[in-house]
Amino acid sequence: MGDLAISARGLGKQYQLGLMRYGYHTLREGLVRAFRSRNGSQPGTHVLWALRDVSLDVRQGEVVGIIGHNGAGKSTLLKILSRITEPTEGYVDLRGRVGSLLEVGTGFHPELTGRENVYLNGSIIGMSRAEIRRRFDEIVAFAEIDRFLDTPVKRYSSGMSVRLAFAVAAHLEPEILLVDEVLAVGDAAFQRKSLGKMGEVANEGRTVLFVSHNLAIIRALCPRAVLLDHGGVVADGSTDAVLGQYLRALERSASTDLVERTDRNPRGWQQTKVAAVEVHTPEVGEAGIAISGAPATITVRLTEALPGIECRLTLVNSLAQPVATLSSEDVAPGDVRESSGNTVECRIDSLSLVPGRYRIDVLVRAQREIQDGLEAAAFFDVEPGVLGGRPVSAPSTSSEGDVAIAHTWRLPA
Amino acid sequence: MVSATTETSAGRGAITVRLEPTRGFRRLIGPAELWRYRDVAVQMAVRDIKVRYRQTALGAAWAVLQPVGTMVVFTIFFGHVAKIGSQGVPYWQFSLAGAVPWAFFSNSLLLGSDSVARNAALVSKIYFPRIFIPTATLVAGLLDLAIAVAILLGSVLVAGVDPSARLLVLPLLVLIMFVGALGITAGLSAVNVRYRDVRYVVPFAVQLWLFATPIAYPSTLLGSPWRTLVALNPMAGVVEGFRWSVLGTAASPWNMIGISALSSLVLLAVGVLYFGRVERTFADLV
Numbered sequence: 001m002g003d004l005a006i007s008a009r010g011l012g013k014q015y016q017l018g019l020m021r022y023g024y025h026t027l028r029e030g031l032v033r034a035f036r037s038r039n040g041s042q043p044g045t046h047v048l049w050a051l052r053d054v055s056l057d058v059r060q061g062e063v064v065g066i067i068g069h070n071g072a073g074k075s076t077l078l079k080i081l082s083r084i085t086e087p088t089e090g091y092v093d094l095r096g097r098v099g100s101l102l103e104v105g106t107g108f109h110p111e112l113t114g115r116e117n118v119y120l121n122g123s124i125i126g127m128s129r130a131e132i133r134r135r136f137d138e139i140v141a142f143a144e145i146d147r148f149l150d151t152p153v154k155r156y157s158s159g160m161s162v163r164l165a166f167a168v169a170a171h172l173e174p175e176i177l178l179v180d181e182v183l184a185v186g187d188a189a190f191q192r193k194s195l196g197k198m199g200e201v202a203n204e205g206r207t208v209l210f211v212s213h214n215l216a217i218i219r220a221l222c223p224r225a226v227l228l229d230h231g232g233v234v235a236d237g238s239t240d241a242v243l244g245q246y247l248r249a250l251e252r253s254a255s256t257d258l259v260e261r262t263d264r265n266p267r268g269w270q271q272t273k274v275a276a277v278e279v280h281t282p283e284v285g286e287a288g289i290a291i292s293g294a295p296a297t298i299t300v301r302l303t304e305a306l307p308g309i310e311c312r313l314t315l316v317n318s319l320a321q322p323v324a325t326l327s328s329e330d331v332a333p334g335d336v337r338e339s340s341g342n343t344v345e346c347r348i349d350s351l352s353l354v355p356g357r358y359r360i361d362v363l364v365r366a367q368r369e370i371q372d373g374l375e376a377a378a379f380f381d382v383e384p385g386v387l388g389g390r391p392v393s394a395p396s397t398s399s400e401g402d403v404a405i406a407h408t409w410r411l412p413a
Numbered sequence: 001m002v003s004a005t006t007e008t009s010a011g012r013g014a015i016t017v018r019l020e021p022t023r024g025f026r027r028l029i030g031p032a033e034l035w036r037y038r039d040v041a042v043q044m045a046v047r048d049i050k051v052r053y054r055q056t057a058l059g060a061a062w063a064v065l066q067p068v069g070t071m072v073v074f075t076i077f078f079g080h081v082a083k084i085g086s087q088g089v090p091y092w093q094f095s096l097a098g099a100v101p102w103a104f105f106s107n108s109l110l111l112g113s114d115s116v117a118r119n120a121a122l123v124s125k126i127y128f129p130r131i132f133i134p135t136a137t138l139v140a141g142l143l144d145l146a147i148a149v150a151i152l153l154g155s156v157l158v159a160g161v162d163p164s165a166r167l168l169v170l171p172l173l174v175l176i177m178f179v180g181a182l183g184i185t186a187g188l189s190a191v192n193v194r195y196r197d198v199r200y201v202v203p204f205a206v207q208l209w210l211f212a213t214p215i216a217y218p219s220t221l222l223g224s225p226w227r228t229l230v231a232l233n234p235m236a237g238v239v240e241g242f243r244w245s246v247l248g249t250a251a252s253p254w255n256m257i258g259i260s261a262l263s264s265l266v267l268l269a270v271g272v273l274y275f276g277r278v279e280r281t282f283a284d285l286v
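These protein sequence lines map, in sequence, to chains F and V.
Counting in our numbering, the first sequence runs from 1 upward without gaps.
Counting in our numbering, the second sequence runs from 1 upward without gaps.
Be a bit skeptical, because a hint or two may be false.
Negatives, chain F to chain V, calculated, CB over 12 Å [said to hold, decoys possible]: (1) Gly96; (2) Phe148; (3) Tyr156; (4) Leu319; (5) Glu400.
Partial chain F-side listing against chain V, Cβ under 10 Å, derived [as the list claims (entries may be wrong)]: (6) Ala8; (7) Val47; (8) Gly90; (9) Val92; (10) Asp93; (11) Glu111; (12) Asn121; (13) Ser123; (14) Ile124; (15) Ile125; (16) Arg129; (17) Leu195; (18) Trp269.
It should be emphasised that the hints constitute simulated quantities derived from the structure, not laboratory data.
We put the CB at the ideal spot given by N, CA and C, even for glycine.
Could you build all of it, start to finish, from the sequences and the hints given here?
Right under this line is the structure:
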């Protein structure tokens, strides 16, 4: 294999999607099916290729970002690489010890203390007892929980347990590290610390495969990126080039008929689906254009009207960093529910975004169940405008932020 | 490691693993692989023990209450009301010596058959030999068993039974029981991943099994061909062995122990082979 750490050839993973009455198979159904299949018919099953014909080489010490939208096959790829599930076809050669951080805190037991969970979790994710003992103090110091070390984890705040879990995981020292979306944990300070730690790991010459929705993090950590779509590799190269292609693909999918899209939130019941999302500004005739400081309306058209519809809109900047979330679940006195129609309307009095291109991620619930979710359901451009009497113009660098705030100054004469 | 997921040492001590589709028994996990993940096994057993003793208000008392409760009820109804013979020893001693191993066996089946599904979060997120999950549940049960055995020995000593060298057989009996229980539990926990209604069947099956095992009655009630046949139930030999070893009931039950040991080994082989065969699909099903 030369200096390759990961070498995959024609990797594919197929899932059987059966119709299961109770969400799982029962022995009774199994027996009935065994009896029926003797007569040749096997009703209610179809197959889904979550991954198909993926070939990928990663050299030792390379840090590679894996991007793609929901259902593109990112998680399936990591599950195969971490041996949780077997490929249906093809093969992958892994050279070196593999460690995976597929979800922080997996294996934490609420009844056990922080100390006990460090040992349990550490050994489950692949550290030896001696290794954990050696790095125990470091882990505890990183998590900032030393006072609560002998308290059961069930009494921890969610922030504390997440910090502890990340600390354990971050001190794992495999030759190949697989990371899935773990950085979105804790408060801002801890996130910065985690990001720094991941950067360190990446610089230590370890091979890292990094799955994240946060393109800014991918850009900061990974020189190379791989774009997956519908279970296949569609782009592989320098992160800037691949991100560019990804963003263009996102825009294309936003301009296609939303009902036809297949990259929907996998947990959605889809009794109603998002059919169209548009941004309007009263002074502008054209959809998809808004003005800083001016009113704006986001409309979400659904395929069906269900009782108890709630809608959550996340505005995301061009680096895939969320800027703000508007949620109908946090009720305000001005909210109105109408008995007819299947359109959700969100009115913004004064848009406090700086000029730039943004996208909208939509999540629709009805009676607390997720019905449908779409990332990049629409894109819109914010044009320069006036907020609180002050002009808002395009930021000159990306480090100036995305939010415009109405304000006044008092200055010495 | 077996052929399918071959590991070879290549340069600088790095291990190369090939992951590819496997069929049938080709992905059975070998001893080397199990040894490499031994820390997980230890930690999971430790977790199961700690959780068991911390979560229940009764803690260690539960380990005692179960066999003692069974003994009390059996003594009242089978001993005094139905007047079932007890091989020349007081009926309470006779039934307690049976109830103690039975408590381990029945708890193993009840907790173990659901264990893989209960640990779905782990199974779908992390790789380690899955057989450690049911094994850890059983190992945790051994502590309960040790406490219950101590109570059994203590109470019959106080009642005036002389201890003898026969007690040295107890570890062997526990091993036979553990092996049989692991085989059954591994098989059931694997089936339960695909067919979740198995966990509703198990409590009922365990109840029937209790009466099919000579706990409330002596196996000598059965005629000679039947007695041998009953020993195919691994618990029959174990229970008879416990009585002989602790209480010195007349006939030495080596026949039954031998048959039960063989049947335990067969159960272990069947259960663990089946588990190994289907374990690769667990993450897709839980």
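Hint check against the structure, violated hint numbers in rising order: 1, 7, 17 and 18
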